[in-house]
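Chain by chain, the residues run as shown.
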Amino acid sequence: MSNAHTVEFDVAVVGGGPAGIAAATRAAEHGRRVVIIDSGIAPGGQIWRHAQASAPPRIAQQWLTRLSETSAQWMLQATVVDGEVQRGLTVIGPEGTVRVRAPRMVIATGARELFIPFPGWTLPNVMGVGGAQAMLKGGMAVRGKRVVVAGSGPLLLPVAAAMARAGARIIGVAEQASTRRLGAFALSLWSHPSTLVAAARYRAAMPLNAYRTQTWVERAEGVGRVESVTLRTGNRRQTESCDLLCCSYGLVPGIDLARLLGCGIDGGRVIVDGVQATTVPGVFSAGETTGVAGEAPAIAEGEIAGLAAASSMTSVDPALRRRQQAGRLFADRLREAFRLHASLRTLAAPDTIVCRCEDVRLRDLDPSWTGRQAKLYTRAGMGPCQGAVCGPALEHLFTWSAGSVRPPLLAPSLGAWMADVTKTQPRG
Amino acid sequence: MTVSSRSPDVIVVGAGVIGAACAAALSLNGLRVMLLDADFAGGGSTGVAMGHIVVLDDSDAQLALTARSRTLWTELAPGLPRDCEDERRGTLWIAATDAELAAARDRGRVLAMHGVETAILNERELARQEPHLRAGLAGALFVPDDRVLYPPAATRHLVRLAQARGATLREGCAVEAIVAGGVTVRERGGASSTIASAVVVNAAGVDAPILTPGLPIVPRKGHLIITDRYPGLCSSQLVELGYLASAHGAGGASTAFNVQPRATGQMLIGSSRELVGRDRGINEPVLRAMVRRAVDFLPDLANCSILRTWTGFRPATPDNLPLIGRWDPIDGLWIAAGHEGLGITTALATAEIITAGILSQASPISPLPFSPMRTMHPGAAELN
Amino acid sequence: MAALIEIVIDGERHQVVEGMPLAAALLRLGVTTFRTSVQGEPRAPVCGMGTCFECRVTVAGRAHQRSCLIPCSAGLIVETRHA
Chain A
20 MSNAHTVEFD VAVVGGGPAG IAAATRAAEH GRRVVIIDSG IAPGGQIWRH AQASAPPRIA
80 QQWLTRLSET SAQWMLQATV VDGEVQRGLT VIGPEGTVRV RAPRMVIATG ARELFIPFPG
140 WTLPNVMGVG GAQAMLKGGM AVRGKRVVVA GSGPLLLPVA AAMARAGARI IGVAEQASTR
200 RLGAFALSLW SHPSTLVAAA RYRAAMPLNA YRTQTWVERA EGVGRVESVT LRTGNRRQTE
260 SCDLLCCSYG LVPGIDLARL LGCGIDGGRV IVDGVQATTV PGVFSAGETT GVAGEAPAIA
320 EGEIAGLAAA SSMTSVDPAL RRRQQAGRLF ADRLREAFRL HASLRTLAAP DTIVCRCEDV
380 RLRDLDPSWT GRQAKLYTRA GMGPCQGAVC GPALEHLFTW SAGSVRPPLL APSLGAWMAD
440 VTKTQPRG
Chain B
9 MTVSSRSPDV IVVGAGVIGA ACAAALSLNG LRVMLLDADF AGGGSTGVAM GHIVVLDDSD
69 AQLALTARSR TLWTELAPGL PRDCEDERRG TLWIAATDAE LAAARDRGRV LAMHGVETAI
129 LNERELARQE PHLRAGLAGA LFVPDDRVLY PPAATRHLVR LAQARGATLR EGCAVEAIVA
189 GGVTVRERGG ASSTIASAVV VNAAGVDAPI LTPGLPIVPR KGHLIITDRY PGLCSSQLVE
249 LGYLASAHGA GGASTAFNVQ PRATGQMLIG SSRELVGRDR GINEPVLRAM VRRAVDFLPD
309 LANCSILRTW TGFRPATPDN LPLIGRWDPI DGLWIAAGHE GLGITTALAT AEIITAGILS
369 QASPISPLPF SPMRTMHPGA AELN
Chain C
122 MAALIEIVID GERHQVVEGM PLAAALLRLG VTTFRTSVQG EPRAPVCGMG TCFECRVTVA
182 GRAHQRSCLI PCSAGLIVET RHA
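Order-wise, the sequence lines are chains A, B and C. Positions 20 to 447 (my numbering) are the ones given, in order, by the first sequence. Positions 9 to 392 (my numbering) are the ones given, in order, by the second sequence. Positions 122 to 204 (my numbering) are the ones given, in order, by the third sequence.
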């Protein structure tokens with residue numbers, strides 16, 4: 020373990036996805052000393068992740084190139100575990116612990132997947148849709164594997180298509196939203212032609228009839244790993260043998276760091292003004308943290324946040340504003356289209372695990388409790404993930420909102436978190 | 009909200025471990041008890057407490073109370089459900105120096121005189137019993153019958169014991185005032201109402217003085233850190249003997265080495281004390297001092313993943329003894345509050361004293377040192 | 122083209138692509154139980170991005186390491202199924 024040292028920048032960007040990259044680029048182009056911190060192995064966050072052997076998406080490549088032409092520095096494999104605006108951010112990386120101080124910060128920590136518990140969801144080879152995509156890009160093999168992609172949201176099709184291109188047998192793509200809702204959404208896509216084209220391409224990559232609406236996973240079964248999946252449409256059930264189930268129900272903003280820094284939150288989203296400033300002076304936020312809306316508004320907002328953090332900008336370039344607003348409008352339509360069906364609330368059986376870290380089952384939870392009561396009585400949400408996975412599920416099932424955020428985030432070792440006090444002791 | 013048709017014999021205000029224990033003991037003795045809590049049972053200081061059942065001998069009275077209460081917990085142990093995670097872990101009071109070890113021997117003798125089993129471990133024996141402690145420690149005082157349990161679950165169990173004997177629990181029911189002959193309450197989103205009872209027990213912990221002005225209870229804040237699961241890192245609760253020597257760090261705060269192995273395999277790291285009103289925030293310098301101390305004794309803690317930190321308030325009194333007994337200025341009012349860091353430990357003996365007092369019976373240990381009235385008379389506090 | 126390097130998983134040597142996430146390497150090698158849960162259930166990666174903690178394995182003797190965040194490097198010693 021090492022002792023902490025402090026590094027100073029003008030702007031610290033947390034999160035190396037589209038919003039963070041755009042923010043860091045703009046701030047650095049404005050002449051500021053910028054650091055961009057991400058826990059991943061390579062730049063790009065989640066949505067711009069790419070397989071080692073292939074190139075990132077073109078737009079990601081453009082932005083990464085533009086960023087690389089600035090003086091902005093990357094801290095990769097680096098996790099922000101603690102922080103306070105005056106004191107700085109405690110960042111743990113492969114070389115040790117660093118305190119990053121910057122008068123301006125941009126929180127671009129993206130989103131997490133929304134998991135809804137159902138019987139068998141804890142079996143190995145049941146992953147989130149985004150999680151499966153990340154593992155696929157990381158080198159997981161799917162050739163010849165029977166794959167079901169399920170849940171909800173615009174990620175289902177692209178991930179299924181990627182799996183298909185990698186040689187998987189797509190048994191089904193199950194979207195819980197109805198055709199009616201999706202139809203309205205598809206119509207609205209006329210204003211986003213590129214998305215339409217992409218969707219058509221995805222559909223073409225898979226067998227006909229693979230994409231089913233108003234369909235969800237009722238249960239996954241198997242011994243030691245998933246072996247079969249039961250899909251339900253209305254009253255029809257269909258059980259298929261399955262090697263990999265990718266199942267998640269959309270995204271929720273990843274706001275723990277923003278909460279730790281004291282940023283005002285509304286409905287699970289970081290509150291920001293017209294230049295992406297949060298309620299904490301000097302702290303900005305952009306992208307999914309302010310509401311899940313996808314790549315385009317994330318980039319636009321990242322640019323706004325980067326410019327605002329780099330200068331005392333109070334008004335926004337109209338073109339940038341247009342891109343942001345168009346993106347947000349699209350996000351609203353997205354949210355409407357993929358709104359979760361009430362039946363999903365009753366998927367979990369009494370013995371279904373709800374909190375995976377502490378193995379708390381549905382039957383262990385009393386709906387008459389408050390959220391804090393459930394945490395104390397059962398430890399649900401008190402494990403290593405601190406509610407990242409079960410929090411949205413508990414909110415969905417019991418309307419228990421997230422409790423307080425405490426340091427450290429993301430379970431660092433004591434020695435790394437408090438590197439300046441945990442000096443090496445002589446061992447005896 | 010209407011007044012209950014059958015008045016309870018006793019209203020217990022506060023369903024923390026103290027109130028729950030009182031409710032259970034009173035119910036077991038045939039009294040009709042109503043247990044009230046503004047939030048939920050075990051949701052106050054109890055819920056954030058360490059859950060260490062420890063015999064402490066800073067005074068004769070404290071020794072009597074903690075020893076008696078530990079005996080009662082030990083008797084209760086076989087009936088505790090699994091989620092209480094009750095274990096006979098023992099406490100190791102660690103002597104860093106020979107001088108501390110000598111003091112430990114004296115302490116061991118005092119405890120032995122009160123029927124508390126102890127053993128002195130030398131450096132080698134300590135290293136064998138707790139291999140992860142750093143080298144070079146002089147030894148330790150081992151108190152094998154001390155226990156560890158999970159306070160929220162133990163509190164719920166005590167509440168269930170009370171309910172099995174007819175007690176009623178009302179959560180989300182905030183007591184606004186203790187008046188002659190009862191209490192006024194307000195339930196979540198409701199109007200005020202009165203519940204009549206001849207006897208009221210104020211077991212409201214840090215909030216006790218709000219209901220009974222004049223009670224000298226102040227919140228003494230502590231920090232705790234919990235790790236991921238590392239079973240076998242230590243087997244007993246580890247506490248440093250040199251607490252006084254390490255006290256009084258920055259800003260009047262003090263920290264001491266105190267690490268607890270939980271049944272889950274997680275480690276609880278403490279302890280700190282400071283008087284900062286009701287500020288729940290994490291105090292970085294105090295936390296760091298606490299961690300520095302902990303890693304000094306147990307270096308392997310540095311490699312443990314940390315899941316969370318939190319703070320809590322110990323209800324503290326000027327002489328570090330709880331207030332257990334009648335509050336003369338108000339007819340029928342009893343106090344069971346101010347237990348500082350010994351609430352879990354002394355809950356059962358506290359309940360025993362309260363029950364004996366209310367029923368005008370003799371209690372196994374003298375209640376005099378804990379009389380709340382001692383705090384009303386200047387100079388009355390030399391009670392041991 | 123990334124290099125192949127050798128890592129040790131539960132005492133057995135395997136060739137993996139240097140820099141790929143350890144979790145992906147384990148999945149590629151057919152590992153289904155990364156860890157066992159509190160009640161003894163087998164668990165494996167879910168989120169792929171370091172927030173679910175289900176992909177934890179022991180690396181170089183240190184327990185509870187999230188394998189989705191660890192790039193494979195030569196000489197990595199990995200043990201699965203530890204809490």
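Just to be clear, a hint being listed does not mean it is correct.
Short, incomplete list of chain C residues facing chain A, as computed with Cβ under 7 Å [as the list claims (entries may be wrong)]:
id: 1; residue: V138
id: 2; residue: M141
id: 3; residue: A145
id: 4; residue: P163
id: 5; residue: V167
id: 6; residue: C168
id: 7; residue: P192
id: 8; residue: A195
Derived from the structure by calculation, the hints contain no laboratory data. Cβ atoms here follow ideal geometry from the backbone N, Cα and C, with glycine treated the same way.
Now for the hints, and whether the structure bears them out:
| no. | hint | result |
| --- | --- | --- |
| 1 | V138 | 6 Å, holds |
| 2 | M141 | 4 Å, holds |
| 3 | A145 | 3 Å, holds |
| 4 | P163 | 5 Å, holds |
| 5 | V167 | 5 Å, holds |
| 6 | C168 | 5 Å, holds |
| 7 | P192 | 5 Å, holds |
| 8 | A195 | 15 Å, violated |
In terms of the numbered hints stated before, the structure departs from hint 8 and from no other.
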